[in-house]
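Visitor: Chain residues, written in single-letter form:
Protein chains: 2
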Amino acid sequence: MDSTRLLRRREKSLGVGAELFYSQPIQLVRGQGAHVFDETGRRYVDFYNNVPAVGHGNAYVADAISLQQRTLNVNSRYLHEGVVAYAERLAALHCPNIESFIFSCSGTEANDVAIQMARMATGKRGVLCSNAAYHGNSDLVGRFTNVGRTQPESEEVRSFPFPDLYRPITVGLGEEELADAYLETIRKAIARFETSGVGLAGMLVCSIFANEGMPNLPGHFMARAAAMVRDAGGLVIADEVQAGFGRTGHWWGYEATGFQPDIVTLGKPMGNGVPVSATGASRGLIERFRSKTDHFNTFASSPLQAAAGMAVLDVIERDELLDNVRRIGRFLKDGLDQLVVGNQHLGDVRGRGLFLVVEVVTDRESRTPDPGRAAAMPDRLKELGVLTAPAGAYKTLVKVRPPLVLTTDDAASFLKAFEVARNDVCG
Amino acid sequence: MDSTRLLRRREKSLGVGAELFYSQPIQLVRGQGAHVFDETGRRYVDFYNNVPAVGHGNAYVADAISLQQRTLNVNSRYLHEGVVAYAERLAALHCPNIESFIFSCSGTEANDVAIQMARMATGKRGVLCSNAAYHGNSDLVGRFTNVGRTQPESEEVRSFPFPDLYRPITVGLGEEELADAYLETIRKAIARFETSGVGLAGMLVCSIFANEGMPNLPGHFMARAAAMVRDAGGLVIADEVQAGFGRTGHWWGYEATGFQPDIVTLGKPMGNGVPVSATGASRGLIERFRSKTDHFNTFASSPLQAAAGMAVLDVIERDELLDNVRRIGRFLKDGLDQLVVGNQHLGDVRGRGLFLVVEVVTDRESRTPDPGRAAAMPDRLKELGVLTAPAGAYKTLVKVRPPLVLTTDDAASFLKAFEVARNDVCG
Chain A
1 MDSTRLLRRR EKSLGVGAEL FYSQPIQLVR GQGAHVFDET GRRYVDFYNN VPAVGHGNAY
61 VADAISLQQR TLNVNSRYLH EGVVAYAERL AALHCPNIES FIFSCSGTEA NDVAIQMARM
121 ATGKRGVLCS NAAYHGNSDL VGRFTNVGRT QPESEEVRSF PFPDLYRPIT VGLGEEELAD
181 AYLETIRKAI ARFETSGVGL AGMLVCSIFA NEGMPNLPGH FMARAAAMVR DAGGLVIADE
241 VQAGFGRTGH WWGYEATGFQ PDIVTLGKPM GNGVPVSATG ASRGLIERFR SKTDHFNTFA
301 SSPLQAAAGM AVLDVIERDE LLDNVRRIGR FLKDGLDQLV VGNQHLGDVR GRGLFLVVEV
361 VTDRESRTPD PGRAAAMPDR LKELGVLTAP AGAYKTLVKV RPPLVLTTDD AASFLKAFEV
421 ARNDVCG
Chain B
1 MDSTRLLRRR EKSLGVGAEL FYSQPIQLVR GQGAHVFDET GRRYVDFYNN VPAVGHGNAY
61 VADAISLQQR TLNVNSRYLH EGVVAYAERL AALHCPNIES FIFSCSGTEA NDVAIQMARM
121 ATGKRGVLCS NAAYHGNSDL VGRFTNVGRT QPESEEVRSF PFPDLYRPIT VGLGEEELAD
181 AYLETIRKAI ARFETSGVGL AGMLVCSIFA NEGMPNLPGH FMARAAAMVR DAGGLVIADE
241 VQAGFGRTGH WWGYEATGFQ PDIVTLGKPM GNGVPVSATG ASRGLIERFR SKTDHFNTFA
301 SSPLQAAAGM AVLDVIERDE LLDNVRRIGR FLKDGLDQLV VGNQHLGDVR GRGLFLVVEV
361 VTDRESRTPD PGRAAAMPDR LKELGVLTAP AGAYKTLVKV RPPLVLTTDD AASFLKAFEV
421 ARNDVCG
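As they're listed, the protein sequences go chains A and B.
This note's numbering puts the first sequence at residues 1 to 427.
This note's numbering puts the second sequence at residues 1 to 427.
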């Protein structure tokens, strides 16, 4: 239907303020693979969505959920083999300390459980996060959004500046010294928890600092930060909601950045759009949490969630999508690297696998964020038939994060569109 | 597969403590309508599950979600007519002050949003609940579980004794005086919020006091309690997660108990097993929340949620399930009323529509809860091919809450089984 009229209806039924992409929002009616189509039949190549990771309209997943919904979909207080088999398969894909799972329906819920779990296990309340993090929207998890920036630190939530080679906290240092400088901010935050008597429960961090802006990290930063947290008695929670399920070309983001978590949270691409998430940990941690909470989630650990999750894993393995991510990701990264050469406003290209970002700056020397141009790029790219969005701690990134099934042809057409948008917006 | 082996695998992959029904848990592999089947092919009539409200394996819903998943399932930052049309349809089914919706994935998330919304709208923090409530499991919403019973009151969460004609706080009063006595406890709780400076944000209450045990309420209790909260500047949040979508023979529980909420939360039966929930309120309240939070939920307000929700509403209307609920509910209630006559251990039959409870007591005179027998009844009923569960504030109820599509034949077979179980357990 007419988008202007639909927008007015939406403002009434969902309320003004329900976020929409682009200065002229688009209406979507159909999707297939990495393509989506608007109400006029116009095709866009989707370079943003990480939920339909194995492709929009994936028939294998749709069939799996249809069959399961037709067969049985019930709460988890009955034995069901599909649910158990799915948890086992997830455990087998993870590092050895991730053995058991609590399923939920959203990344928020998975992180809410993880934070509660760390607090129960340690008997302490303090949780560290980065200063440009986003982990979800519940009352608890929302307290970890942009702490020390748009939201003040609190007794129980303290932040450290996210590690970043592009805009380092101290300029002129070597990588090793810069890592030391960032680790020192974590050490201080831990010390403040100790001093105040709150104590350290753990650190919650996206394994690849996705919302922060996919920064390049100083050497061994994550492994050293994890060790520091553990030495102080805390647990390391890796938020894999964005990083997991092959996005980086590894199964898990923590493999890409080189550390092993005590607790992981999984979400977004997990069910290709069926709401499913999970908190994974050692069996001991999981059982301690269960014994203290009687935690139960009506829609979670359901046969439907398991069927969707299993189908997604099937497709990732069957279609060798990790290889595809590495191959096409490399092609895209190389293409973008060439397209930014010599451009004053495109300061950096970063990322891993099929999660890339381009820094839009006022000029290459000062590296000053240019959120105006950074928002104009996705708008222009949209006109050219390519969907992206602005992102990052300074809203200064063009986020490039297509479904994992992206083809070389689509990647090539993206690079062509990006070149045009670059010339128009950043020329 | 073999249930004993599956149980061991489950203990490892989900952790010991992941709740199961019955002293001998059952394995489910298939469901159809009000029937479920275990791994040996044995059929059970489901008198417990309110999520598959329009029936296990409902093909109409399965087809709708399959078609939508195959067509498009994407986040809510694009215009999509299905999502808007679903929100409009929900608003049309509600009382006039419920105009707009924020969708989430679980009842917990919907209540988390509702509490945050009430606090933002009022600028106050105090929220009232009943002393035997359960509204969900997030860090915030979990603070409303059994407050004043298993969990202490806090600065921001105070409770009142749930209204109950069967075990009233003061014996010997007429209904009107008893209502006064209960309302006085609410008045006092509000006064404590005022005195402490926390102030009153609102009252969160299940419209039918489902977890409390479906008590019969003294006359006009809910309308008077709602007025009292509003007079004190608070908002009335009706948790319709269990009560909504026809369960009581009305569309909404608040219609059954006679009040109008400012905020509603919806869940469980909403998508017949697809995770979907919602927080509904006036457009003003919704927009105030949105403007202050940038709330976004990746899996929510999706075309898939809308398709599942629409299909459920279609079936409820097409198959005239509200009529069915009233008719079969009456038949079941009458049958149970007859079966408890003269039995020392079956003290009361209560409920609305297809949500009935039977009180199991040591004896009719003292009305002392008998959780042992109350747990034995569902175990015995299960052996007889009927699924129920123990419930209520004192774990002393047999909860009878079948899918809305229950037939008279199934209801009759339940009554026969109940008679046998009564003779065996409560004879």
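Derived by calculation from the structure, the hints in this document are not laboratory data.
Incorrect hints may appear among the rest.
As the list claims (entries may be wrong) - Cross-link-like lysine-lysine pairs, in silico, BS3-like; alpha carbons within 25 angstroms at most:
(1) A:Lys292 - B:Lys395
(2) A:Lys395 - A:Lys416
(3) B:Lys292 - A:Lys395
Visitor: Mind listing which of the numbered hints don't hold for this structure, in increasing order?
Guide: Violated: none.
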